[in-house]
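**Student:** So the chains spell out like this:
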Amino acid sequence: MTPLEVALIAFVLVTALATALFRDVLSAIIVFGAYSLGMAIIYTVLLAPDVAMTEAAISAGVTTILLLLTIAKTVRPSTDALFESVNVPAVLTVGAFALVFGAAVLPAIPAIGAESAPVWSNPEVTQYYLENTYAETGVQNTVAAVLAAYRGFDTFGEAVVVFGAAVAVLLVLDREVFA
Amino acid sequence: MLELLATRYAYVAFIVLLSVGLYMVIASQNLVKKVIGVNLFQTAIFLFFVASAYVEGGAVPVVPKDSAGPTEVIVSPLPHVIVLTAIVVGVALTAVGLALIVRIYTEYGTLREDVLREVRSDD
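Heads up: the sequence lines are chains A and B, in that order. Take the first sequence: its position 86, counting from 1, is numbered 86 in UniProt numbering, and each next residue is one higher. Take the second sequence: its position 39, counting from 1, is numbered 39 in UniProt numbering, and each next residue is one higher.
Keep in mind the hints are simulated off the structure, nothing from the lab. Hints are not guaranteed to be accurate.
Covered, in the sense of this in silico footprint (three residues per stretch, anywhere, with C-beta under 8 Å from a C-beta of chain B), are these stretches of chain A [to be verified]:
hint	segment
1	19-26
2	43-56
3	63-71
4	91-101
5	140-154
The C-beta atom is built at its ideal place from N, Cα and C for all residues, glycine as well.
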């Protein structure tokens, strides 16, 4: 656990709490964009550059634009209070959830980066992809190779989901064309 | 105890972020903030996957061109692939949810859950 990791984790926790507590929706959206960017940097530190790029482009970019479009089309409630009042029963429920879940999960899983990490409990699977990706697909980036070659049909299914979502949005908004 | 938290810092962050997302879904009266809460919940799970793929002293999952296979330790690419798919599906779901919110606003003129409940019970 390096100082950089500590700072990044602290940054995402603070921005997440600010997102939850800001009363003004526009402020919450902007802070959530900063949160997504912090997450993208954490993914980079954890050696997942593909995930980081997607998070920065899609979560910090597209999701923020969608949220801003929504409040542009609806309403941004005007308010004097900076923070929302805290809902005590909800905090207690969620806090109990976090404590029970944390007490059950944290001792049960190996430390981050340990040889016994969850993914390495069955190393043959991961090793197969690492050893054969270039020979079988001609792609050096294993993430891209699994996404587009080994699991190409799954990615096609994902494209169908996105198409279905676009159709659903047009239906819900009662429009035949994008405008 | 402290060592347990320090060696599993990303999992601790995962649980806290999961709880904050859950709190937003339960307690926020504004529908847009509920959708932000779902997104926050989702990114917490992505953090769990990415942290579980990480290996100390590893390299990014890009393999050399020779056919002998990688000689160094490389983080597992498989959870990364799952997360990439989930991010794209998540933004599609967010778009549908926000479209429903815009439609609710044009029908009822409010984004607040409590007001919406009152208006609906008057119908």
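**Student:** Take the hints in turn and mark each one as holding or not.
**Tutor:** Hint check results:
With 3 residues carrying a beta carbon less than 8 Å from a beta carbon of chain B, the segment 19-26 of chain A meets the three-residue requirement, and the given coverage holds. Only when three residues or more bring their CB closer than 8 Å to a CB of chain B does the claim for the segment 43-56 of chain A stand; here the count is 9, and the claim holds. Interface restraint, the segment 63-71 of chain A with chain B: holds (6 residues with C-beta to C-beta distance below 8 Å; minimum three). Chain B is given as covering the segment 91-101 of chain A, and this holds because 7 residues of the stretch bring a CB closer than 8 Å to a CB of that chain, at least three being needed.
For the segment 140-154 of chain A, the proposed coverage by chain B is satisfied: 8 residues have a C-beta within less than 8 Å of a C-beta in that chain, meeting the threshold of three.
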